[in-house]
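K.L.:
Listed below, chain by chain, are the residues.
Protein chains: 2
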Amino acid sequence: MEFLQQLKERAELVEKAFEKYVPQESTYPSIIHQAMRYSLLAGGKRLRPALVIGAAEAVGCDPQRVLPTACALELIHTYSLVHDDLPAMDNDDMRRGKPTNHVVFGEAVSILAGDALLTLAFQLLAENAKTAPADLVVRVIQEVAELSGSKGLIGGQVVDTISAGSEVDAQTLEYIHRHKTGALFRASVRAGAILSGASDLQLQALTNYAENLGLAFQIIDDILDVEGDSQKIGKPVGSDEKNQKATFPALFGIEAARRKAREAADNAINALEAFGPRGEFLRSAVNFIINRDY
Amino acid sequence: MEFLQQLKERAELVEKAFEKYVPQESTYPSIIHQAMRYSLLAGGKRLRPALVIGAAEAVGCDPQRVLPTACALELIHTYSLVHDDLPAMDNDDMRRGKPTNHVVFGEAVSILAGDALLTLAFQLLAENAKTAPADLVVRVIQEVAELSGSKGLIGGQVVDTISAGSEVDAQTLEYIHRHKTGALFRASVRAGAILSGASDLQLQALTNYAENLGLAFQIIDDILDVEGDSQKIGKPVGSDEKNQKATFPALFGIEAARRKAREAADNAINALEAFGPRGEFLRSAVNFIINRDY
Numbered sequence: 007m008e009f010l011q012q013l014k015e016r017a018e019l020v021e022k023a024f025e026k027y028v029p030q031e032s033t034y035p036s037i038i039h040q041a042m043r044y045s046l047l048a049g050g051k052r053l054r055p056a057l058v059i060g061a062a063e064a065v066g067c068d069p070q071r072v073l074p075t076a077c078a079l080e081l082i083h084t085y086s087l088v089h090d091d092l093p094a095m096d097n098d099d100m101r102r103g104k105p106t107n108h109v110v111f112g113e114a115v116s117i118l119a120g121d122a123l124l125t126l127a128f129q130l131l132a133e134n135a136k137t138a139p140a141d142l143v144v145r146v147i148q149e150v151a152e153l154s155g156s157k158g159l160i161g162g163q164v165v166d167t168i169s170a171g172s173e174v175d176a177q178t179l180e181y182i183h184r185h186k187t188g189a190l191f192r193a194s195v196r197a198g199a200i201l202s203g204a205s206d207l208q209l210q211a212l213t214n215y216a217e218n219l220g221l222a223f224q225i226i227d228d229i230l231d232v233e234g235d236s237q238k239i240g241k242p243v244g245s246d247e248k249n250q251k252a253t254f255p256a257l258f259g260i261e262a263a264r265r266k267a268r269e270a271a272d273n274a275i276n277a278l279e280a281f282g283p284r285g286e287f288l289r290s291a292v293n294f295i296i297n298r299d300y
Numbered sequence: 007m008e009f010l011q012q013l014k015e016r017a018e019l020v021e022k023a024f025e026k027y028v029p030q031e032s033t034y035p036s037i038i039h040q041a042m043r044y045s046l047l048a049g050g051k052r053l054r055p056a057l058v059i060g061a062a063e064a065v066g067c068d069p070q071r072v073l074p075t076a077c078a079l080e081l082i083h084t085y086s087l088v089h090d091d092l093p094a095m096d097n098d099d100m101r102r103g104k105p106t107n108h109v110v111f112g113e114a115v116s117i118l119a120g121d122a123l124l125t126l127a128f129q130l131l132a133e134n135a136k137t138a139p140a141d142l143v144v145r146v147i148q149e150v151a152e153l154s155g156s157k158g159l160i161g162g163q164v165v166d167t168i169s170a171g172s173e174v175d176a177q178t179l180e181y182i183h184r185h186k187t188g189a190l191f192r193a194s195v196r197a198g199a200i201l202s203g204a205s206d207l208q209l210q211a212l213t214n215y216a217e218n219l220g221l222a223f224q225i226i227d228d229i230l231d232v233e234g235d236s237q238k239i240g241k242p243v244g245s246d247e248k249n250q251k252a253t254f255p256a257l258f259g260i261e262a263a264r265r266k267a268r269e270a271a272d273n274a275i276n277a278l279e280a281f282g283p284r285g286e287f288l289r290s291a292v293n294f295i296i297n298r299d300y
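Residue numbers (this note's numbering), protein chains in the order written: chain P, 7 to 300; chain E, 7 to 300.
Among the hints, erroneous ones may be present.
Treat identical chains as interchangeable: a pair holds within one or across any two.
Said to hold, decoys possible - Pairs of lysine to any residue, SDA-like flavour, derived with a Cα cap of 25 Å:
1. K14 to L87
2. K22 to E152
3. K251 to E113
4. K136 to D206
5. K157 to V109
Hints are computed from structural coordinates only; laboratory data are not their basis.
Starting from the given sequences, assemble the full structure and let the hints guide the process.
P.N.:
Here is the structure:
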């Protein structure tokens with residue numbers, strides 16, 4: 007599949023940058039750097055950093071210009087997974103086919119490793135001032151922080167956590183999805199576009215793209231938790247039901263959920279119209295997300 | 007005592023800025039904003055933000071110019087306390103005379119509230135671009151992230167955590183103190199100075215000041231945990247000994263520890279020589295820290 011090759015090329019840029027920016031395991035205190043790298047290098051798809059790069063490309067920019075920011079978005083995603091998996095939160099033992107961070111390193115180190123990944127993310131966002139104007143970098147930091155914060159990513163996690171075990175309405179479910187997944191997709195795409203000097207109109211179109219992509223992604227995630235292959239997705243299926251989590255299939259049924267995902271995917275594709283061939287990577291990301299089985 | 011009045015004036019600037027920058031309790035999702043404000047507004051001394059302001063004043067700058075950054079440093083300090091108090095970490099039930107965050111809000115919300123305070127801190131650091139040049143703001147973000155990260159504040163916490171229950175040597179103790187307390191003192195003073203356009207020489211002197219101040223502060227903290235008044239310090243005394251924590255008094259005895267604190271305080275005062283009357287607030291902070299009984 008051609009998209010996977012395109013994704014791999016961008017993921018390789020990101021992995022190489024990690025070697026430059028993330029302290030080696032031997033760096034004192036070793037245990038925290040082991041824990042940070044354990045989760046960061048656990049074989050994620052690198053979708054968010056690829057979106058940062060894809061947005062830069064859509065605006066006609068070299069990926070090198072946004073690479074530290076691309077890494078930062080993956081660090082934020084990883085920290086949120088590490089903290090979400092903790093016993094006090096989702097209490098998950100497996101992630102991407104491996105024992106979760108706290109199972110390997112213990113809860114204390116795991117909490118601190120999440121904190122350190124988040125902190126390093128902001129260091130890398132600032133680092134991007136070496137290849138992009140400082141005023142754009144500051145704007146990106148402000149936006150990424152807002153979208154990752156108590157009214158963004160963390161807000162989604164909070165509502166998800168306090169809603170577990172009770173019935174939620176469609177509005178609450180939408181809030182959770184828009185914030186838990188949508189916020190970082192939006193932050194990734196906007197960060198790549200802003201650093202690349204996108205016009206207001208371009209930024210608006212790419213934001214629209216990101217929101218619909220995030221929605222499609224989360225619905226498919228929910229569906230895979232119901233009928234996916236636990237080998238392929240690297241964690242047990244049915245965990246949402248077990249934890250009585252709010253999901254699209256639980257609320258609307260599988261078929262209606264699939265229809266909603268398809269609709270969001272179409273909206274995402276349409277939002278890219280003005281970018282022509284430069285929007286190719288972002289365009290094929292939509293099809294990948296909607297058709298994935300892991 | 008004149009210093010307490012000076013500190014109070016600066017703390018009031020900071021508290022007022024919190025009202026502007028930190029979401030109200032009613033902001034959705036309410037529970038996370040309640041938890042953030044609970045710990046942030048629990049009556050801290052606001053020493054770190056006062057150091058940001060004090061450094062700006064030493065260089066001849068208006069406190070207003072560095073106010074979002076001053077708030078950010080207090081947010082980072084507060085997040086680290088919230089996470090340190092968690093059952094998986096120090097497992098403390100009381101802080102500043104009140105039940106700790108997780109006792110009131112539960113572990114899950116408490117972890118997320120810490121994450122959100124840290125994230126908001128970086129948003130405020132970026133916000134400072136409204137009153138200071140963007141290139142200086144980027145530099146401050148980079149430094150604050152580094153000093154708060156896995157080789158700074160979090161590094162100190164990691165070594166402290168993994169050393170608990172076993173004997174530590176003087177070198178490890180110094181690492182813990184230099185990073186757990188020293189890093190944020192250093193970050194605060196440097197941030198205030200950089201945003202105010204300090205010269206390299208001024209920055210070097212203020213860094214020297216901050217390191218010695220941090221050392222004196224931590225030694226006194228250790229001593230108070232042995233012979234302080236639990237009413238005044240707002241938490242039980244003897245908790246370091248209970249947790250077999252590395253401390254200066256445990257390693258050197260109370261008298262030698264007190265001598266070390268005095269020496270560090272003298273070094274801090276000497277580092278301020280070139281600043282004349284503008285260094286007055288930073289100077290009197292030294293005496294306050296060395297003589298405090300809470």
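K.L.:
At most 25 Å between C-alpha atoms: does K22 with E152 qualify within a copy, between copies, both, or neither?
P.N.:
The answer is between: 21 Å across copies meets 25 Å, while 28 Å in one copy does not.
K.L.:
Give the relationship of K14 and L87 under a CA distance limit of 25 Å: within one copy only, between copies only, both, or neither.
P.N.:
within (22 Å within a copy, 40 Å between copies)
K.L.:
At 25 Å max between alpha carbons, let me know whether K251 reaches E113 within a copy, between copies, both or neither.
P.N.:
Intra 23 Å, inter 19 Å, cutoff 25 Å: intra and inter.
K.L.:
Evaluate K157 and V109 at a C-alpha cut-off of 25 Å and name the case that applies: within, between, both or neither.
P.N.:
Answer is between: at 23 Å across copies they meet the 25 Å cutoff, but 29 Å inside does not.
K.L.:
Please work out whether the CA atoms of K136 and D206 approach to 25 Å or closer within one copy, between two copies, in both situations, or in neither?
P.N.:
both (24 Å within a copy, 21 Å between copies)
Every hint, counting from the list given before, is met by this structure.
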